[in-house]
Amino acid sequence: MTLLDLQGISFAYRQHEVLAGITLSIPEGSVVALLGPNGSGKTTLLKLMLGLLKPVQGRIRMHGRDIQLMPQRELARSMAYVPQVHKEPFAYRVFDVALMGRMPHKDFFSRYGREDRRIAREALERVGIAHLAERPYTEISGGERQLALIARAMTQGAHLFVMDEPTNGLDYGNQIRLLERLKQLSAEGNTFIFSTHHPDHAMAVADRVVMMRKGAIAYDGLVDATIHQASLMDLYNVDVRLMPVEEGVCVCVPAVRLCGCKGAAAAEKQCGSC
Amino acid sequence: MKTIPLLCSAAVLVGTMLVSLALGKYPLHLTEIISFISFKLFGNGSFAPERLELLENLLIEIRLPRILTAALIGAALSVSGAAYQAMFINPLVSPGILGVLAGASFGAAVGMVFMKSWFAVQISTVAGGFVAVAITLGVARIYRINSTIMLVLGGIISGALFSSLLSMVKYLSDPYNQLPAITYWLMGNTTMADRETAFKCGIPICIGIVCLVCMARHLNVLSMGDEEARALGVNVRRIRIIVIICATIISTLTVVMAGIINWVGLIIPHIVRMMIGPDNETLLPASALIGASYLLVVDDVSRLAFNFELPIGIVTALVGIPFFMLVLKNTRKGWQ
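If you read the protein sequences in the order shown, they are chains Z and U.
Using the working numbering, you'd call the opening residue of the first sequence number 1 and step up by one each time.
Using the working numbering, you'd call the opening residue of the second sequence number 1 and step up by one each time.
Since the hints were made in silico from the structure, they are not lab data.
Even for Gly, the Cβ is constructed at its ideal location relative to N, Cα and C.
Don't take each hint at face value.
Unchecked claim - Here are some chain Z residues pointing at chain U (derived, C-beta under 7 Å):
id, residue
1, Leu50
2, Leu52
3, Gln72
4, Arg73
5, Ala76
6, Tyr81
7, Pro89
8, Phe90
9, Ala91
10, Met100
11, Met103
12, Pro104
13, Asp107
14, Phe109
Claimed, not checked - Derived pair list, reagent style DSS-like, types lysine-lysine, alpha-carbon separation capped at 30 Å:
id, chain 1, residue 1, chain 2, residue 2
15, U, Lys2, Z, Lys106
16, Z, Lys87, U, Lys116
17, Z, Lys87, U, Lys170
Next up, chain U with everything else stripped away, as it sits in the complex (with noise of 0.2 Å):
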């Protein structure tokens, strides 16, 4: 593990974030929002009791539950990717392999239609993207094959199964009220953030990218192949296992606390390896902090940019193609 470009990335993700509370519709001076902060920790200084009351509520109960969710979501979707991505051998898969996204969307669907509280609808997403990583799993176990290739299959399976359901639900639902709803909700948004969600979901994400960090190292081995990883003493199948099991963890919530957001789990990883290399080790906490600040800034243009709030998935999309496609020209630096 190298510190010094951990620590700048986090230095990074420290900085977006104090830019990001200061950003809105009623600005504020950052000078003010860090003697608010050590205000609120160390007791220093003082404020009046309305400015206060004014910064608590916009600080504390508007920007920072939005602020914690994009973080989250961006360093939760960019670890995913960047271990499955050692995992299978191949700097083109996303956390999406193995359809845990589709499932996600199917389940977040039914209960929208079906389910008349919100945490029920949460629960039926996670539910969703459980069962489709279930199914990826059982259909490369019916073929008894050990590979990657089996499992990847059998995530083209399973997604497209889902894809499918999910269209059966957007057909059966009411078209005025509840399709517009799903339709939303698969852009992708994080307007919905609220902090019950946000502490919720963060904790059990938190966990599980510090898991996958712990298996940096079985990671790198992982990615010279089944069989030398098990030359060189490790347990291929329980590793795979644990990480498919953290990875399904944390890329269903993200869709619990915002819908579908793509592309992020693809680039950030990229563009984290061209940067630093390819060391598991540093890669994967790089990846969350990048992530989490990529997930930010592209959260400020979505509620800034215009008069309306763009969904955040519409706005990863637009930015991350063309990033991309510039990313390929240099893919030889961090891949081959």
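So that you can see chain Z by itself, here it is in the shape it has in the complex (with noise of 0.2 Å):
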């Protein structure tokens, strides 16, 4: 069943057009990578996916509602945005932040109650960090002040998952760690929609990929059969090798060269120096 589905969506700041024309949908449960070069328009779609920003022209849909008429607190416990890992100038506590997940639930007056707390509790210990509860936000690594964001999201409970780079800044260890744990929410029945800058991890645990380019959409379809050495070389313009490690999984790596043959011009000549 479809969750949001995107209809010729168009986007300008000011004058300069960022994106033209996106349709897209985005069935509920998938996982879906989004690849393209910087200032292809990964992030700016995704602010519009979680109503951030007002698409110039199109319109999008979450269960066949327009998100634009939605109200901007009930959005926000069907859909949570987890964000790029940043630096925070106030040390609050890892519970805290988690607690934040509950805004959309409350009324303007109300307080967190003990309902909310056992909320943000559960959210931290199924992301696995509820042994840094107590401890200050700005005093923990960067992957688990994204586990963190990510426990937020889940107290929000939100079922959609928008994420901007989630393994952006983040050791090869914990990029690795935070991809398992995205797998195994994605397997309780949660979406997620997440921009990566990494073929692999978009072959490693997204089901769709969108590869995106100069503000369109230049490739869409299932991992296996739309990330291909071809699509790589096209989308990003670079020489790589795609090869199959053991069944089921298989690495994308850079085709270094010296003698400057970019993209499927080297691949093409083939070119004696490299």
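Hints are included, so try docking the two chains, each in its own frame, into the full complex.
See below:
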């Protein structure tokens, strides 16, 4: 069943067009990876899905309802934003950060109650950082901070998680641990959309991939069918090799050349210096 | 909200108030004050008529208004400082960030030079503060960038405008009577405190503080950044406007009561944050209580340390600056 449906979305910052004619549907329970060079409009697309930006043209529907017409609080109960790991000036406890996810469930004057605290604690347990609850958010590692933000998203009660480069700034081990956690949460029925610069990450956890270039969708489809040597070389204009490692596992490695031949040209020429 | 730190802060405030009541040119014993209060409130015990008259005059007419004034100012400046620090995601922001104090000073100076009644001066002070913040919001709006940066820049512009206007009024004023009065006022002092002003300003200040405390959860979320706050279902624009209105009301009223008192709104939230953490649900009420106690202590120092009364604004700066330098050494505890 379609969870999020984007129809002919265009967006511009002032006169500068960023996205044009994006049509996309995201099925419930899927993990969708968003690939594309810098400036291709990935973050803008994510913000449009969250209702943080208004499309100039087109509609975004969630379960058939136009998200522009839904109150921000109601939207926040069904989809959550997991931003890039950031440094906060204020050292909130990890628990307090998770508790902030209860905001869309509270009236203006009502305060957090026992139930809210229980939900926040449970979310920290589910992402596996319950032991950090009392620690200042500013003093835990980047990977743990990303998990805290995911816990906050879960506390929101959302089933759709929109993540902007979740593995950015994490060390190698934390990147993989985060992907594992994501896979596990998706098996529990949650839907994920995440942008990334690593085709490997898309292949590891996503079942759908959307490849963007210059504000439009260049490729869109199942991961196995869509991420291949030709599409990656076309998208990024570099030379890469895709190799199967074992059953169902593929790696993408860059073919670094000295001669300066790039993309498809290099593959065609098979230039001697490489 | 954590109750224990709040109860402790409240106890500190009550203690400071009692001690401040006892201190003065005519020192009183703390036990006598407590029995006087219990006599007044519950009718317990008894007093000789002359003694009772003396105590009523000294405590209720003279010391209480001043104590209330100092406590209200301390609470108001600390809460608005803490709220602004969360909203601007910057722990170095003070209540004057949007130009409110500069505008109110200008308003007060205009009142002193051109108006006859003290009430008119007070009205002019409030008007000055509001006009300055309105200009700040207007500047932020002209550039149509709905960000805190534009608000801060607007505040700088509006603050600079009103400082120069203030200089102009000072230049035009009579240098023998008006100029010293303005200068003395701008140093910040609680000597003018009277019961009527304390009550008139006290009620809106208390309402403003309660409103800000009610928005503590929203401020927590706002300090994660605008986009995250909106993704958490918060109407960022509305919350920001309410916070600005509340903070503007309570800060201009402090100027009405006692002129310009700097540093309190910056250092008190800092210190409290280091003690109990940055969660605004506890931080805001605790800042109000501790800020009130702090200004009471400073007021006691300013009226008792010398043979003459030192303007309280000078003392807050003199105490605040070294204190702030000490605090900065420990900054990593409260914020980074």
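Hints and how they fare:
Satisfaction of the interface hint for Leu50(Z) is found here, the shortest Cβ-Cβ separation to chain U being roughly 6 Å, below the 7 Å cut-off. Nearest Cβ of chain U to the Cβ of Leu52(Z): about 5 Å, under the 7 Å cut. The hint holds. Hint status for Gln72(Z) relative to chain U: holds, with the closest Cβ pair at about 5 Å, below 7 Å. The criterion of a C-beta within 7 Å of any C-beta in chain U is met by Arg73(Z), whose closest approach is roughly 4 Å, and the hint holds.
Residue-level restraint check for Ala76(Z) holds (minimum Cβ-Cβ distance to chain U is 3 Å; threshold 7 Å). At a threshold of 7 Å, the smallest CB-CB gap from Tyr81(Z) to chain U is about 4 Å, leaving the interface hint in force. Annotation: Pro89(Z) was flagged as interfacial toward chain U, and the flag holds, the nearest CB pair being 5 Å apart, inside 7 Å. Hint status for Phe90(Z): holds, given a least beta-carbon distance of 4 Å to chain U, under 7 Å.
For Ala91(Z), the shortest C-beta to C-beta distance to chain U is roughly 6 Å, which falls under 7 Å, so the interface hint holds. Given hint, Met100(Z) at the interface with chain U, holds; its Cβ is 5 Å from that chain's nearest Cβ, closer than 7 Å. A cut of 7 Å between beta carbons decides the hint on Met103(Z): the least distance to chain U is about 5 Å, and the hint holds. Nearest Cβ of chain U to the Cβ of Pro104(Z): about 3 Å, under the 7 Å cut. The hint holds.
At its closest, the beta carbon of Asp107(Z) sits 11 Å from a beta carbon of chain U; the interface hint therefore is violated under the 7 Å criterion. Hint status for Phe109(Z): holds, given a least beta-carbon distance of 6 Å to chain U, under 7 Å. Between Lys2(U) and Lys106(Z) the CA atoms are separated by roughly 19 Å; this keeps the pair inside 30 Å, and the hint holds. Our distance criterion of 30 Å between C-alpha atoms is broken by Lys87(Z) and Lys116(U), whose separation comes to about 53 Å.
A hinted pair counts as satisfied when its Cα atoms are at most 30 Å apart, and Lys87(Z) with Lys170(U) does not qualify at roughly 45 Å.
In summary, the structure is inconsistent with hints 13, 16, 17 from the numbered list given earlier, while agreeing with the others.
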